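One-letter residues, chain by chain:
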Amino acid sequence: MQNIRKIMAILAGKLLIVLSRMAGNQGTNFPGRLALKIYPPLLKELGKNTYKDTFIITGTNGKTTTTNMIARIFRENGSSFIHNQAGANMLPGITTAFIQQTDFTGRKTFDYALLETDEANVPLLIAQIKPRLILITNFFRDQLDRYGELDTTIKLIKEAVQGTDIELLLNADDPLQVDFQNQKGLKYWYYGFDASNYDSFTGAESREGRYCVLCGHELEYTRYHYAQLGKYHCRHCNNQNPQPNFIAAELLMDPSIHLQIDKLLIESPYQGFYNAYNILAAVSLGKLAGIQEKVIQKAIANFQPSAGRMENFLIRGKKVILVLVKNPTGLNQSLAMLAQDSAAKNLFIALNDNAADGRDISWIWDADIEVITDDKARIRRVICSGQRSGDMAVRIKYSGFGIENIIIKPSLEEGIGIAISMESEVSYILCTYTTLFASRNILARMQKKYPAPLQEKERTPEKAL
Amino acid sequence: MEKFIIAHMYPALMNLYGDRGNLVCLKKRMEWYGLNCEIKSIHLDEKLDFSQIDMIFMGGGSDREQGLVYHDLLKKTDQLMAQIESGLPALCICGAYQLLGSYYKSHEGTVMDGLGFFPLYTEGREGRLIGNILIESEFNGQKVSVVGFENHGGRTYFSDPKLQSLGQVIIGHGNNGEDQSEGMRFKNLIGTYLHGPLLPKNPTLADFFVYAMADRKGLKLEKVLDDTIENLAHEQVRYKMISGQKS
Ligand SMILES: [Zn+2]
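Keeping their order, the protein sequence lines are chains A and H.
If you're matching positions, the first sequence starts at 2 in this note's numbering and goes up one per residue.
If you're matching positions, the second sequence starts at 1127 in this note's numbering and goes up one per residue.
Calculated from the structure, these hints are not laboratory results.
The structure presented is a predicted model; accordingly, all values stated were derived computationally and were not measured.
Take the hints with a grain of salt, since some may be wrong.
Just some of the chain A residues that point at chain H, by a computed CB distance under 8 angstroms [as the list claims (entries may be wrong)]:
hint	residue
1	Y212
2	R360
3	D361
4	S363
5	W364
6	W366
7	D367
8	Q388
9	G391
10	D392
11	A394
12	K398
13	Y399
14	I404
15	I407
16	I409
Taking lysine-lysine and the DSS-like style, the derived pairs with C-alpha atoms no more than 27 angstroms apart in a straight line are [claimed, not checked]:
hint	chain 1	residue 1	chain 2	residue 2
17	A	K53	A	K159
18	A	K7	A	K49
19	H	K1366	H	K1269
20	H	K1154	A	K377
21	A	K232	H	K1166
22	A	K185	A	K131
23	H	K1153	A	K377
24	H	K1202	H	K1343
25	A	K7	A	K45
26	A	K131	A	K156
27	A	K131	A	K288
28	H	K1366	A	K327
Ideal Cβ placement from N, Cα and C applies to all residues, glycine included.
With these hints in hand, go ahead and build the complete structure from the sequences.
Pasting the structure below:
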C-alpha cells in the first residue's frame, strides 16, 4: 500500500512537471508540493538513492553559481547526479528535482545529489536527507536582515548539525562563519584566500560582520578581499581566521580569473573577486569528492557565465556588459568587478522601485559606491536611469563623483544610447530586476543593428550632452 | 578650521538600511560648505560628553537592540536632555524616535520604557505602515515638502497636543496613520519615521542641521550649494507619489 502511494506521488509529480512545462511554466515547486501531499516520506526515501554523496550548498550570495560550477565538475567527470534548479531551493522544489530524475518506482540511483538551498531551509532539509557535507559560501546581512534573522539562522544550522557526522566546508575569510569551529564533534574544512593584489587595506563602510561574533567587539582587519571577507582578528578575545585547508593564491583578474588552489592552476571566464570565491568553493568541494584535478580544471575553464547574471554584447565594436544588481552586496560586487577592469568605461545604472525590485531603495546607500571615484576604475560618465534615476544620481554625487559627469535619463533606451555612444572602451550596464529584461532587449536590438565600430565623424560630441 | 563632530549612536545596534546615507550627506555637505566634519561611532558603555559634540544621529533597531540601547542611554539621560534643551542638533529615526517617548507597547502587550524626553508614546499594531511618504513641513517660515520611505509597526501618539510634529502627512501614514502628523520637532531635534536617506533627498532638512551646527559655533555660512540633482530626485519621487495617487 505504501509503495502504491509512493508510485502515485511520483507519477503525479512527473505528470505535473510535463503539464506545467507545456503551459510554459518552469514547474519547479508545485509538482513536488503535491507529491509530498500524496506521500509525505517521498523526499526522505528518494534522498537515499544517492550512491556516493549528497552535498548541500548554502549561503547568502553565490550559491547558484557555485552549485552550477560543481555540477559542471560532476558532468565533466561523467558522474550522474540530482541537481535542483535555482529558484527551486525549498523542499518542494528539491522534491521536484528528485521526481524529475528518478524512475517510476523511485529506485533509480545516482552518484551524487547536489542540493542548493537557502540558509533558513538547511535544518528542514537535513531532517529529510542527511548529507555528507554542507558547503557555505558566505553570510551577508542584506537588506532583509536588519533584525537579526541571520544570527538566528546560523544558530539553527549549528543546532541541526550538532551531534551528527555531517562535514562542513566553510569560508575561512568570513568572520560570521568562525563560530562554527567552536562546535564540538564536527568535521571542518576551510577554504580561504591568500594575500592578493586586489585586496584593500581600508574597510568599506558597510557594516557587514565587522563585529566579532564571539564577543561583539569591533574586528581589526589587516586586509580585505572583498566586503567583510578578509584577514581579521579580534583584539579582545583573539578570535581570528581559521587556517584554511584549501588556499587560493596568485589571483590574477585581467579581467577574467586565474588563480592557484594548492598548486592547481585554475582559469575561468568569470570576473570579479566574488566569483573567485565561488570557484575556490567549487574546486574545494570537487577535491573533497575525490574528483581528479585535471577534470576539475577543465570543468571550471569551460564553465561560462549564465545569461542575466553577466552577459556580454558587442555594439559598434565596443564591449557592453549587462549585470543584474539586486542588493548592496550585489552592487558592491559589480562595482568591485568593474573597478578591476582597466579599460576606460561608462557606467549605466538603472534603478526601479517596483515590487520585484523592492519598493524601498534605501539600500543604495549601504553599497560602497565610493569605489567609482578611484582613478584606477577609469569611469568617465555615470548615466542614471529608471524610475528612481534621481535617487541614484544623488547617491553617485555623494560618493564624491564629479557632478559634471553624472547624467540623468529616466528612459532606459535613451540612457543606454548615451552610455554606448560616448567615448569609452567599454560600457557597464547595471540593472535592478524590472529594468533587466527591457535593457537586455534594447542591447540585443542595438547589437543587431550596429555591429560595426562607430565612424569617427558619427561620434556624439561630448560637450553636446 | 573649526571641527565638527557628529556622534553616530550605537551603529552596531541601531542601524536600519540606508541610515548611513544621512551621515554621508551631512559630512559631504559640510565639506562643500568648507567645514570639517568627523563622524564618531559611539558604542555601548562608551563614555560620551555631549557638550563636546555638535550633533547626534541615531537610527532604528530590533526590540532586543533597542532594549540594550535604552539601558545604556538611561545612564546618560540628564546630560543628553540638558544639551537638547540648549539646542543640540539631533536626528532620531524609527526606533530612536520611539525611544524619546514615555513607552513602547508591543503588539503582544509587552511594555518597554522609553527615555521620557517628550510627551509621546508608541503602540505596536498588526500590519506595518510601509511605503513612500510625502509630508509638508515648515522651515524658516517656508513651507517645504519632505519625501522619504517609512516602514514601521509602531503607532506613535502625542500625549500633549502642544508637541510639535515634523510635518503634516500629504501621502502616506506618518506617526500613526490616523491624525496626519509625522514625526516631532523640538528646537534642533527631529524625530521621524522617515528612514534611510532622508537628508540627501531633502537638502532643506540637511541644511537645517548644518546651519544649526554652524550657528552654535558662531559661524555664518556664505556659500550656496548647487542642489539641482537633489531637487530633481525629490521632485521625481514626489511626482511619482502624487500621480500614483490620482490613478
Ligand atoms: Zn572577539
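- Message: For a quick check of understanding: which of the numbered hints are violated here, in increasing order?
- Response: No numbers; nothing is violated.
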